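Go by the hints and put chain G onto chain W.
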Amino acid sequence: MTTSETATKYRPTLGWLINDTIAVAKRHILKITRVPESLFFALIQPVMFVLLFAFVFGGAITLNGNGASAAADYREYLIPGIFAQTVMFAVASITVGITEDANRGIMDRFRSLPMRPGAVLGGHTLASLFQNILVLIILSITGLLVGWRIRSSVADALLGYLLLATFAYAMTWIGAWIGLHMPSPEVAGTAGLAWIFPLTFASNVFTPIATMPSWLQPIALWNPVSCLALACRKLFGNPIPVFENSGHSFPEVHAVQMAFAYALIFLAIFAPLAVRAFKTRNVGGLKA
Amino acid sequence: MTLAIEVSGLQKSFGEVQALRGIDFTVEQGTVVGLLGPNGSGKTTTVRILATLLKADSGIAKVSGIDVNSSPDQVRTMIGLTGQYAAVDEYLTGRENLQLFGQLFHLSKKQSAQRADELLTRFDLADAADRGIKGYSGGMRRRLDLAASLIGRPSVLFLDEPTTGLDPRSRLGMWEVIESLVAQGTTVLLTTQYLEEADQLASRSVVLDHGSVIAQGTSDELKSQVGGDRVEVVVEVPSQLSQAKDALVSIASGEINTNDAEHKVIVPTSGGSRSVVEAVRLLDEAKISIADIALRRPTLDDVFLSLTGRSAEEEKPEVKAKQRSRRGARA
Chain W
1 MTTSETATKY RPTLGWLIND TIAVAKRHIL KITRVPESLF FALIQPVMFV LLFAFVFGGA
61 ITLNGNGASA AADYREYLIP GIFAQTVMFA VASITVGITE DANRGIMDRF RSLPMRPGAV
121 LGGHTLASLF QNILVLIILS ITGLLVGWRI RSSVADALLG YLLLATFAYA MTWIGAWIGL
181 HMPSPEVAGT AGLAWIFPLT FASNVFTPIA TMPSWLQPIA LWNPVSCLAL ACRKLFGNPI
241 PVFENSGHSF PEVHAVQMAF AYALIFLAIF APLAVRAFKT RNVGGLKA
Chain G
1001 MTLAIEVSGL QKSFGEVQAL RGIDFTVEQG TVVGLLGPNG SGKTTTVRIL ATLLKADSGI
1061 AKVSGIDVNS SPDQVRTMIG LTGQYAAVDE YLTGRENLQL FGQLFHLSKK QSAQRADELL
1121 TRFDLADAAD RGIKGYSGGM RRRLDLAASL IGRPSVLFLD EPTTGLDPRS RLGMWEVIES
1181 LVAQGTTVLL TTQYLEEADQ LASRSVVLDH GSVIAQGTSD ELKSQVGGDR VEVVVEVPSQ
1241 LSQAKDALVS IASGEINTND AEHKVIVPTS GGSRSVVEAV RLLDEAKISI ADIALRRPTL
1301 DDVFLSLTGR SAEEEKPEVK AKQRSRRGAR A
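Protein chains in written order, with the working numbering: chain W, 1 to 288; chain G, 1001 to 1331.
Just chain W, with the same shape it has in the complex:
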């Protein structure tokens, strides 16, 4: 066989997977630096939500039923909620990019290279994680400015950030999987977000679950977003409404474990599904 002068023989090794993943991640991080607008708009949304709820809607929402020092209390309650919401929106940070790659044919080029199939998505999700960590840092600073404080131990706080990063990473794999099934970037932009809104609003992100109708309460309680927000409130030592601290229900007591479990389950389901979709994806869903 006289294949080529460069001795590129096929050897599937872990080294290749790492090499390929880093190369692809580098591509996407370069892209973030080339189009800083995208990072800017990824940042502006959570910051806007902080300001909106801290200063506009917050006054109308009371925690634990008492009105005293309610506004300051609410802001400390709010920030971990916004963390959770931002992590959910990590989906959107990748869906459109994946659909664009698929439709532009660059995904075909990747698939025709002797690289590991998991590496393309692995690199993309890694870059997306990097972007989300940046967003979480800026968001934490904004939180500190409006009066949020970490009132727990360093270990708990670090665990809190680890939880947020893990959850964000799991969400980007869901985003990748969605992106691979969308016909165009325009549709991907909407489909990536549409299901997140009801999920984040039917949760304890902005309002205590006790204020919701009784049929919605169990849904909101088991909602992964609620578990994540509650876990962050626990880990950062921020206020928790009485209803969610009563110790009567499983998700309340085990919020931290539940949130980690949700993240790992999402990863275990959607990472293999996304890689499989990647291997069989046709350009723009085209037939011939």
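Just so you know, the hints here were simulated from the structure itself, not pulled from any lab data.
A hint or two may mislead.
Unchecked claim - Part of the chain W face toward chain G, derived, beta carbon under 7 Å: (1) 20; (2) 27; (3) 37; (4) 105; (5) 112; (6) 113; (7) 116; (8) 145; (9) 149; (10) 151.
Said to hold, decoys possible - Simulated pairs of lysine-lysine, DSS-like, Cα-Cα distance not exceeding 27 Å: (11) G:1109 - W:31; (12) W:31 - G:1223; (13) G:1264 - G:1223; (14) G:1110 - W:26; (15) W:31 - G:1110; (16) G:1134 - W:26.
Said to hold, decoys possible - Pairwise CB distance ranges (calculated): (17) W:217 - G:1138: 43 to 53 Å; (18) W:280 - G:1108: 30 to 40 Å; (19) W:280 - G:1228: 46 to 56 Å; (20) G:1126 - W:198: 49 to 59 Å; (21) G:1021 - W:187: 54 to 64 Å; (22) G:1055 - W:189: 25 to 35 Å; (23) G:1065 - W:198: 53 to 63 Å; (24) W:257 - G:1121: 36 to 46 Å; (25) G:1218 - W:269: 53 to 63 Å; (26) W:189 - G:1108: 35 to 45 Å; (27) G:1055 - W:272: 47 to 57 Å; (28) G:1108 - W:187: 37 to 47 Å; (29) G:1016 - W:257: 48 to 58 Å.
Given the structure is predicted, the values throughout are model-derived calculations rather than measurements.
All C-beta atoms, glycine included, are put in the ideal place defined by N, C-alpha and C.
Just chain G, lined up with the frame of chain W:
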């Protein structure tokens, strides 16, 4: 000679649409074979199967003797693919793109940088190397795309409509580049709707229609299937078309066709240029005035027309609209 590509009994369906109904062809190492056919004939499906992007339902496809279905990873080390889209990253520079693909081909950092330089110079992109692709013209993008597919020095190159959508000057530029590749011994499978392109580049052609091979051979072999030379006469008075047809029976070597819209009579002949003289004499005798007369050798377009009953570049309007909207989305 060794076979670079071997396809036999290849079948592929998408739902109820049979894209490939069992096709067979081979490509010898170091040659260029054109895969011709209208939209939807199965060209792209064939290339996608050979490039390991799509799995066939049945049949065998081999690249340099390696089965694409059972050893796709090994096939990927030997092939290069340039598709209908410029498959490069919009936000990176030309050099960054080539280095990225070099790295993914598992060249060392130094090797990828060297290879990128080499290809940028060769494809006349050295000046634009450090500019973002966004500012590249269509022709430059295609050249970069082709360069990217050559990063790993593939022995077999798939070019899927490499010049579709390019202006004539860029197209000629691409042709030169492809010709120089072939001169260096690369095997090329080229799909195209432009028969002129196959005529120019390919030593042999495989003609597909509705997922089947309907003809294959060298350009000359295909042309001779249609018949030899033809005398084409355009009459000045449209009503004299059938009279002209009758008048020319004696020089015809086959069935005479007329094209009413163009007022043209097409007479297959074996008499060469003598037939033109004879045709002029016969028409003059019949008092039919001639607007234009010419001896034509058949083109691959004629081959296509006679094999499939329609022209190769004819597209269904819906397909065109779809392509436009996709292009629009990309821009």
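Checked hints:
| no. | hint | in the structure |
| --- | --- | --- |
| 1 | 20 | holds (6 Å) |
| 2 | 27 | holds (6 Å) |
| 3 | 37 | violated (12 Å) |
| 4 | 105 | holds (3 Å) |
| 5 | 112 | holds (4 Å) |
| 6 | 113 | holds (5 Å) |
| 7 | 116 | violated (9 Å) |
| 8 | 145 | violated (32 Å) |
| 9 | 149 | violated (39 Å) |
| 10 | 151 | violated (42 Å) |
| 11 | G:1109 - W:31 | holds (20 Å) |
| 12 | W:31 - G:1223 | violated (51 Å) |
| 13 | G:1264 - G:1223 | holds (21 Å) |
| 14 | G:1110 - W:26 | holds (17 Å) |
| 15 | W:31 - G:1110 | holds (23 Å) |
| 16 | G:1134 - W:26 | holds (19 Å) |
| 17 | W:217 - G:1138: 43 to 53 Å | violated (58 Å) |
| 18 | W:280 - G:1108: 30 to 40 Å | holds (32 Å) |
| 19 | W:280 - G:1228: 46 to 56 Å | holds (48 Å) |
| 20 | G:1126 - W:198: 49 to 59 Å | holds (53 Å) |
| 21 | G:1021 - W:187: 54 to 64 Å | violated (33 Å) |
| 22 | G:1055 - W:189: 25 to 35 Å | holds (31 Å) |
| 23 | G:1065 - W:198: 53 to 63 Å | holds (55 Å) |
| 24 | W:257 - G:1121: 36 to 46 Å | violated (59 Å) |
| 25 | G:1218 - W:269: 53 to 63 Å | holds (54 Å) |
| 26 | W:189 - G:1108: 35 to 45 Å | holds (39 Å) |
| 27 | G:1055 - W:272: 47 to 57 Å | violated (18 Å) |
| 28 | G:1108 - W:187: 37 to 47 Å | holds (41 Å) |
| 29 | G:1016 - W:257: 48 to 58 Å | holds (49 Å) |
In this structure, the hints that do not hold are numbers 3, 7, 8, 9, 10, 12, 17, 21, 24 and 27, in rising order.
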